[in-house]
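K.L.:
Everything in the sequence shown is counted per this note's numbering, starting at 1 for the first residue and increasing by one.
There may be inaccurate statements among the hints.
Unchecked claim - Pairs of lysine-lysine, DSS-like flavour, derived with a Cα cap of 27 Å:
hint : residue 1 : residue 2
1    : Lys38     : Lys69
2    : Lys110    : Lys123
3    : Lys99     : Lys64
4    : Lys90     : Lys6
5    : Lys6      : Lys123
6    : Lys61     : Lys38
7    : Lys110    : Lys90
8    : Lys64     : Lys38
9    : Lys123    : Lys44
10   : Lys123    : Lys69
11   : Lys44     : Lys99
12   : Lys38     : Lys123
Because the hints were derived from the structure by calculation, they are not lab data.
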Amino acid sequence: MSQKNKKQFGVWMDSQHATLVGREAIDNGEFIILGHIKNNGPDKNSNENAENNQEIALTQKFFKEIAMKMPNIDQIHITGTGQIQEQFIKFLADTAQYKNAETSECTSNKMSDEALIEFFTNKFN
């Protein structure tokens, strides 16, 4: 299978925001922005345990929203700030639909949409 026919996706993420990049026709074409996903985080709560549980649930929901936009991936590169990328990679590995996907990661600062498209185009070519 050539690089051009693989279902390749790129995600820039931090704990509150993710930008999803993929090909125009899922497995071919130029890379485009597929969406921006937000995670507003937990409400301020006087009970630390309740806030913790809400944060875990919202993070899982955030991951599911990102994954929902990526049907049957072959390759994914995840970049961003913090440790959320490792958590997302674990989420994908634990999800039957994505467990065989080839994943890679790196750390990078926030980029404009155009710079992100260029970054993933270079990464997958």
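K.L.:
If any of the earlier hints don't hold here, list their numbers in rising order.
P.N.:
Hint check: 9, 11 fail, others pass.
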